[in-house]
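Could you put together the complete structure from these sequences and hints?
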Amino acid sequence: MSKLRDFVTRDHRYVLLGTSVVALLGMLLSSSPRPELSFLANAFTVELVMYYVLVAWLVLCAVALLFKLTHWHNYAESAPFTKPAVARALRVGSYVIWAITAVLLVDRWVMGLASAWQVAAAAEKMPDDMLAQVLYMFQQGRDTYITGIITTIELAVFGTLIAFFLALLLVFARIMQVDRSDNDCVRFFKKIGVWFAKVYSTVVRGTPMLVQGVIIYYAGFAFVSSFGLSVTDTNAIWSRFVAGLVVVSLNSTAYMMEVLRGGIESVDKGQMEAARSLGLSQWQAMVRVVFPQGIKFAIPGLSNELVINIKDSSVLSVIGVFDLAFAASTVAGIYWKQLNAYLVAAVFYLIMTAIASWLLGKFAKRFNVKAETMGSTSDQPVKVEE
Amino acid sequence: MSEKNPNVAASAGVAAGTAAEPMVRIGGLRKSFGDLEVLRDINLDVMPGQVVTIIGASGSGKSTLLRCINLLETPDAGHVWFHGADLAAEHVDVNRLREKIGMVFQGFNLFNNMNVLDNCTLAPVTLKKMGKAEAQEVAMRHLESVGLADFARADVNNLSGGQKQRVAIARALCMQPDLMLFDEPTSALDPEIVGEVLEVMRRLAAEGMTMVVVTHEMAFAKNVSDEVVFMDKGVIAEKGAPSKLFSAPEHPRTREFLARYLEG
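Line order of the protein sequences matches chains E and L.
Position 31 (the first sequence) corresponds to 743 in my numbering; numbering is contiguous.
Position 212 (the second sequence) corresponds to 219 in my numbering; numbering is contiguous.
Don't take every hint at face value.
[Said to hold, decoys possible] With a cut-off of at most 25 angstroms between alpha-carbon atoms, the simulated SDA-like pairs for lysine to any residue come out as follows:
1) E:K981 - L:L73
2) L:K136 - L:G114
3) L:K229 - L:L265
4) L:K135 - E:R1000
Everything labelled a hint here was simulated from the structure, so no lab data went into it.
Set out below in structure tokens:
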């Protein structure tokens, strides 16, 4: 914090060079066309003055740069710009430049967005302006988008929660080792459990979720209708949403199991040995000592799964789950403007993942662990265990 | 023997003499890690009340032998009898037998997710069906005896190495074991705090606890133990009373090893 304060009040290095970029940006904004709602349109002289202040600042910066080039060796001593009083004045000047650019930014961009919104709201048919088009499509397709957003959130939240509990079951099956004192029945079930978890993880992580979605939806459909139900009844029981939720849960289970296993395996082996040396069984040692430590390591990866599910549930639109991606394609189909429809979806996905990351970061902080940045299942290579 | 209470030592000797039944009997023990033979035909008896020290160079199989006694390592062949029950047999209830065998590790291995007191009470409450209050009372008594009663509520991660190791000893004692195994208990400690751990072990030995200690502390081996075992390349090269083994070692490897220690 004191570093930041020093930079703002004392450091002289970036005042001229840095602010000249800001001034240039302000000039570009000023030369861009005024939107409908621009407030500077009514104060033309003010904007003119602001523009010339920016120009003057750029000239000043150019002089300083020339001076620096010609007095390369003794700039600090000879230049008027480094004298304390001048430096102070320059600093104040730089704040003025920032303020001017900020005002121009609000006038052109924020008011531009507001104008486009107004145009879109008043429009009877598709407006000509690109931004207004996007907003028009959002306004017209608002109910569709909202339905899609709610479905996406439901899929991600419920899918992640269900997957977490399934992953807990599966990871205990995965890491149990045959103990010397186990009888043959226990040994058999432990081996089956490990085998099942390995196969499950390999199959699920080794196939794309899109393919899984199609297979599970149609296989489930065939299974339910095999009880002699009509297509309508089958659709009521095995709806596209239910199928989608099953796909997300089963898929996420495999990844969460691996995250949990990684967490548990990063606990020092000595913890297990110490617990066993006291006479605790493998299960007792796992539940009381190793797992509580391992889950701490796993929390960032686990919470990341929620963010991943928000994004990756979009592939379920292939089986007609009415999520945000499906909503975007529906709206795009009506107006035949793919780019605009999906830009709206992208903004909402970004908002949802940002909120989820922020909440999960706060959640992770309570456990004294650092949250990971956003990732995707497709970033993680599939490791096949032998 | 000099530092031991002569009465206790004598009574332990008598007990060992009359019972004549070793607490631990290791017979024909073999263990390999891959192609590496770590233990080759080990035979060793530990009498009740006896303190046995295992010395030897790194990689000679000392720790593996110790870990075979409570089956943290599974022997490839041979037997480990504890109170007459063969630990190495298939399907033996290892967990029950381990309750009677305490172990102290080089790396302390205190449970990081618990405070000092919970470290001590976890096993008694879980396994002995002891009430929480009673287990805490027992734990406090043992923590008192290692001088850490004030730290009962402390987070284990905030303790010094010496304190951690003393908590580890107290934790093992809370299960009221018949036998204590020490796997290089002072090797991870700074030289100036080795003493506080050795002091606790010395007192434990004087109270008549049966102990098997793997250590590089030659003074401890010399003064406290009843029998010293010198291991070399997976076999017991020489064993005997410390007075004999340290003053007149028979095996050339023993002599070499001790000479290096006396120099260093």
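Checked hints:
With a C-alpha separation of about 17 angstroms, the suggested pairing of E:K981 with L:L73 holds against the 25 angstroms cut-off. Our distance criterion of 25 angstroms between C-alpha atoms is broken by L:K136 and L:G114, whose separation comes to about 28 angstroms. Between L:K229 and L:L265 the alpha-carbon distance is near 12 angstroms, which keeps this suggested pair within the 25 angstroms criterion. Distance hint between L:K135 and E:R1000 is fulfilled; the C-alpha atoms sit about 16 angstroms from each other, no more than 25 angstroms.
Checked against the numbered hints above, the structure violates only hint 2.
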